[in-house]
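Student: Residues per chain are reported as follows:
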Amino acid sequence: MRFRPGVLFVHLLLLLGGLVMAFPFYWMLATSLKSPQEALQAKPVWVPERMKPANWLKAARLGDSPLWGGLAPGRSVELVFPGREGHPPRALVPRTPGAFFDPRAEGTRVEVVYRKGAWRVRLTNTTEEAFRFLPLVVLWPKEVPLEAPLPPDAIRSQGEYWRLEWVNAVPGALGYVFHNYLEAWHAAPWGRYFFNSFFTALTQVAVGLFLAALAAFALARIPFPGKEAVFVLILATMMVPGEVLLIPNYVLLARLGWLDTYYALIVPWLASVFGIFLLRQFYLSLPQDLFDAARIDGAGYLTQLFRIALPLSLPGLVSYGIFTFLGAYNALLWPLIVTQSPEMRTVQLGLQAFVSEAGSDYGALMAASTFVILPVILGYFFAQRQFIQGIARSGLK
Amino acid sequence: MRTFPLHALLSLGALLALGVYASRLGFLPGAWVGAGLGLYALLILWGLRFGRHHALLGLGLFAYWFPPLAFLAPLLFALLFGRGLREKEQAALYGWALVWPALALLLVWHVFPTFYAFYLSLFERVNFLRPAAFSGLENYRILLQDPLFWKALGNTFWYVVFTVPVGLLLATGVAILLNTQVAFLGFYRTLYFLPYITALTAAAAVWRWIYHPEFGFLNWLLRTPGLDWLNTPKGVFALLLEPLGVQLQGFWAGPSLAFVAIMVMSVWHFLGYQVVILLAGLQAIPKEYYEAAELDGASFWQKHRLITWPLLSPTTFFLFTLGLIGAFQVFTQVYVLTPTGGVLQDTLTLAFYLYNKGFRDSDFSYASAIAMVTFLLILLLTLIQRRVLERRVNYEI
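Sequence order for the protein chains is A and B. For the first sequence, the numbering used here begins at 1 and goes up steadily by one. For the second sequence, the numbering used here begins at 398 and goes up steadily by one.
Some clues are possibly wrong.
As the list claims (entries may be wrong) - Short derived list, chain B residues pointing at chain A, Cβ under 7 Å: (1) Ala489; (2) Leu495; (3) Leu503; (4) Tyr513; (5) Ala514; (6) Ala530; (7) Gly533; (8) Phe554; (9) Trp555; (10) Phe559; (11) Gln578; (12) Val579; (13) Leu582; (14) Gly723.
Said to hold, decoys possible - Some chain B residues well away from chain A (every beta-carbon gap over 10 Å; in silico): (15) Gly427; (16) Leu436; (17) Phe459; (18) Ser532; (19) Arg538; (20) Val557; (21) Leu566; (22) Thr621; (23) Gly642; (24) Val673; (25) Ile682; (26) Ala690; (27) Arg702; (28) Thr705; (29) Val740; (30) Ile781.
If you're looking for bench data, these hints aren't it; they were derived computationally from the structure. Glycine included, every Cβ here is placed at the ideal spot set by N, Cα and C.
Here chain B stands alone, though its shape is the one from the complex (with noise of 0.2 Å):
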């Protein structure tokens, strides 16, 4: 005989319970709400057929005044009469209930929204003050013709090419010399990770304040006094080769040298996680490949090159992704180190970028073009990497 699935109405209160609170926020029409507690309704009589004791999960029909009812009842009704479920059925409702929780959360504030923010970049300035009008795919097209958009796309190009080689080429250094055997490593992976624990905005606010133009320690320490780091929005290129009689102009300049600043700046914050998480990969890797390249006297180079580099390359692919996304993402050092985008908004990110437009200008369609282009560009990013790479970094230790 068949049993009564308990927990496909466990699942459809859940929905319904979410639903009911959209249709209260105006996201989801009363209709959906009423067609969803028909449903329900049908389900419970046809649980009747197996018992009468089924109609406790009417209960659930409140859900209209107290959503997570719906929820509720099918859990009531398990914990009063469940002995007699059997495994596989206990199985299926354990599951769904253990699991609903977290996923009506990741429902709610992550799916949901993804598909939110792409409708609403298709309105003309969303905000709270008027109705917006449906423009289609406007925003995008101006966005592509958006001077400062390429601005901090080509920032996050730079912070790529900068901060991703130096930190895994800095961490890969540390991590190796760290995994000599040598004594005080606790003391030495504590220094070099403290950084990385440190909260952005303390870090920035103390770098704000080394890079200060008149009294900041790196200026002493350069000997050049009064150099203004975080308001320079010359190009590093163009000041470097400026000397040479050598003059560049726009996207070859180079990032900026407040946005060189920044990026030094990240580049110490983050070391530490890279440091620990390649110290992972390296302690992974066997000590007798070493020991019988030391017997066919391979040199220092050559057992790094042949066995760390290849063994390492998956903990290496996983950490250049992370610098990848979080280029994308980066925010609290631009906003402390240069609260306004820095001079020209020469310091501009895609994602400081989209608080500007979004939280600063009020324009949540516009912000929102911008996050979907950005997820695009990741998405994209990400495959072209798994395509191009991956196949190269997996080995079998």
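Next comes chain A alone, as it looks inside the complex (with noise of 0.2 Å):
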């Protein structure tokens, strides 16, 4: 085959564009991973100091478990800061604004010694209780230059000294890494919105495809007197958007008073007038001579429903069902109207909430955003054929 130049002007179009939309992504993960003082950049930090591995191993060495880190009653951890004797910095750690009490603040030994070459901050843990995150400032002197055991999360000026700034002093390597994420997680139930938001997209898809399967099969393949109205009406549903539905629904709800409950997630969009069609079609593309070998041997409709359609419907029932998903994981406007607490939060509405919360700890807001669009991103990437065919297909009329 010759080599065509046309094909090397297809690839950097493409590649350009796919830059353009894979963009919002990356500077998703890489804020995600930014202290707040590098977030906070006129001039954007294109890699953050949390995503090179060279830190990971020293973040590695902090803390007791060397993934998530953490100082247990009684142990200690030294952080090694290489400089000159005569110009001792200062360690402290910081008090959480508007404690009245705080454990970490008193009950952390911190010594400050120099040893072999280097000032050696030692942190340990006086109380009864092990610290997950141990915040610290060290205060080094400008004259000397500064070689830190781990990339301070924020560095400001304090008269004649550096004020060394760490969220967490003893993170171990995914606890560094991941310390927006934890903090994200620790912010809200976020259990309990993502257990929210998958009971109700998988219960929609199940008991969505069992109603519409048999609605469908009997559409399809049954004929039975007044099936050409009911076709119509469900054809004629179509034409209804979905924002008339938004304030009678809610009523409806009100007065069965199922506001704020799984119920009002759910029951409304069980019925799919989509994914009645979907299925329709695909039974309708199946040959007619397999039902009537059916029937010969003595099958009756269900039978023939559950043993020949359904099992030969399968594309089709993925397609549905991971549409279906989508559109209910994915929702925001139905969950915000229908329920208040925040116990029947859904995750959409919980990173919503986030998103007002938040205020400008950015690192924490993208983290949230990762964690939420994570199930979606990773399902596409296990199951990429069906996701791509189940979109073509609703194209498909």
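Taking the hints as your guide, dock the two standalone chains into a single complex.
Tutor: Encoded structure:
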């Protein structure tokens, strides 16, 4: 095959466009690994410190466990700052703003000694409880060149000193890299949100699939009186845009006393016109001979449905399942309307609340965004073909 | 001999069950339920002529206390005595029995709400606090003079004008490039497709960070420090033409900069979907057409203008319709990027206005009026589109 310069051009164009498409993802990921000071830079930081493997090794040495760090009672950790004798740094564990009593600030013994050409900051946990996070501030004289044991999360100028701040001096490798993720995860009951989202979406998929399969089979394969009328009615409901249903369905749910329950999140969307159409299309495409043969062998309609039609329409079921799951998992407007209590929030709602609460902590915000989209992205990589076909099928009438 | 219409009883039972629930919630006068029960009983009496065992159907009369019984009793009867049914009766019975679960849900959560929304819109300020007064079409009269409604409609118009052509053009370009048997097709497709399966909430959170006035990436890229994308209510046409000394006001000033920012994000989000659909459309065009055109010496442009474009037009038409309808439902992006609807409500969309009126101001009737007008507009536009465009887009392949 001869080389065509056109191919190179095509790749160049696609790559350029792809970069634009992928950039927000990179930016989300990069920001989620930034310290606040790195995030809030007028000149963007392309590769944050927490993304560099050399720093992972440094962080692994700090804390009890190399992966998750922490400081158990009675244990201590030593941070080594190579430097000259005679210019002693100062170290302290900062108090949480507004805290009346701070066990970490009061229960940590801080010693600064000079030994073998380096200043050593030794932190000892003198309390009874284990620390997962131990913030640290070191004041380092400006005239001595700085070589920190772990890149500080913030450097500020304070008179003669550099004020070096660490959000966690005992992070361990993962605790260091995913600090923002841990922070975001602990800021809200995300476990509950994820359960709500998955439970809602999976129930919708399972029950919706079952109901749609029944109806679609009847519409495709059973000649019953009134079939045309039912079909026209279902067609007509397709014309009604979703927002028309918001208010009346809300009122209906209020009358039923279902607001702020799982019913409100699930029931209104169980019957899907799209699903019925999609599966009907599938059943119609199956050869009639199959069903005739089954009929001769004495199979009733239910047997035909569950033993022949359903197994053969698996691709259609998967398409519809993915489509419904995406719609339910990614929905914001409906959960926003029908739920009030934090216990009933779905992840999207939790994220939305987090956006307005997190303020300028963009690292944590991007971390939360990342783990909210992670399940779908992972699902995509596992079932890429089904995703693409499922979406493409929605375009075929 | 005529046979007993079991499927009619079944359907009546399903309606009766819904009716009992409706009357319990106060949507239906009790007399209707009484009439339904009477009809049901008459049918069963008639059934007794076909055999004593039809008395079992009388179980359905307890629907007044447990509504699903009206539907379940005929089913139970069919299970016990269904063997004796003839082919045609079986088809009628099973057809309806399979269709009803989905149909009932559709009736309750799609069909009824559509009418109920219209009914609600005829009242003066419906909420849960006090009984509402009937006001005829007053809400619609107010709506037509509501500047915010026109603002929202104008934004919807700009959304269609900007995002649909831009999105389709970009997507067609990408799809054509991807269809050139390019290597790494899956990789590129993933790049373009990922934004679509990403939750809009998370995506909008990321874009909000990119649009950040001080530390946002976009301002660094464009060298426009301090430009507050999401809080600039000035129209883009006005902004562009200002240096030339042209002053534009009102509608002609164009969509606000904030709304353009939202539209850019939306194009990014939906591009992958359009690419996948268009790619499927492209792959359905027979290769022979292009080969024949190449033999005749057609250029790249000629091939795509004379073969691709006309044969792809049904797909493009589908996406155009989808974009048009989607424009009326833009909510999540706006809600996350500009939670208050922007400065001076400049990013208001119809769905967002509906949400504000219904769930922030608790004016369900006015919100329903907005919903009904939206519905009518979509219906009208779809009809016009079909009339004008559909004749031109259907080509037989």
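Student: It remains to establish, for every hint, whether it holds in the given structure.
Tutor: Cross-check of the supplied hints:
1. Ala489: With a minimum Cβ separation of about 5 Å from chain A (threshold 7 Å), the hint on alanine 489(B) holds.
2. Leu495: At 4 Å from the nearest chain A Cβ, leucine 495(B) passes the 7 Å test, so the hint holds.
3. Leu503: The hint holds - leucine 503(B) has a Cβ within 7 Å of chain A, the shortest such distance being about 5 Å.
4. Tyr513: With Cβ-Cβ at 4 Å, under 7 Å, it holds.
5. Ala514: Constraint on alanine 514(B) satisfied, holds at 5 Å.
6. Ala530: 17 Å, violated
7. Gly533: For glycine 533(B), the interface hint is violated, since the closest Cβ of chain A sits about 18 Å away, which is over 7 Å.
8. Phe554: With a closest approach of 17 Å, the phenylalanine 554(B) hint is violated.
9. Trp555: Violated, because the Cβ-Cβ distance from tryptophan 555(B) to chain A comes to roughly 19 Å (cut-off 7 Å).
10. Phe559: Constraint on phenylalanine 559(B) not satisfied, violated at 17 Å.
11. Gln578: Status violated, d = 9 Å.
12. Val579: 6 Å, holds
13. Leu582: It is violated, given that the least Cβ distance between leucine 582(B) and chain A is near 10 Å, above 7 Å.
14. Gly723: Because about 10 Å separates glycine 723(B) from the closest Cβ in chain A, which is outside the 7 Å limit, the hint is violated.
15. Gly427: 16 Å, holds
16. Leu436: 17 Å, holds
17. Phe459: The claim holds: phenylalanine 459(B) sits with its nearest Cβ about 22 Å from chain A, beyond 10 Å.
18. Ser532: Holds, because the least Cβ-Cβ distance between serine 532(B) and chain A comes to about 16 Å, which exceeds 10 Å.
19. Arg538: Arginine 538(B) is indeed farther than 10 Å from all Cβ atoms of chain A, at 19 Å.
20. Val557: 14 Å, holds
21. Leu566: 12 Å, holds
22. Thr621: 12 Å, holds
23. Gly642: Glycine 642(B) clear of chain A: closest Cβ-Cβ about 33 Å, beyond 10 Å.
24. Val673: Contrary to the label, valine 673(B) does not stay out of reach of chain A, its closest Cβ about 5 Å off (not over 10 Å).
25. Ile682: 15 Å, holds
26. Ala690: Non-interface label stands for alanine 690(B): nearest chain A Cβ at 17 Å, farther than 10 Å.
27. Arg702: Holds, since 18 Å exceeds 10 Å.
28. Thr705: 15 Å, holds
29. Val740: 17 Å, holds
30. Ile781: Fine: 14 Å to the nearest Cβ keeps isoleucine 781(B) off the interface.
Hints 6, 7, 8, 9, 10, 11, 13, 14 and 24 from the earlier list are contradicted by this structure; the remaining hints agree with it.
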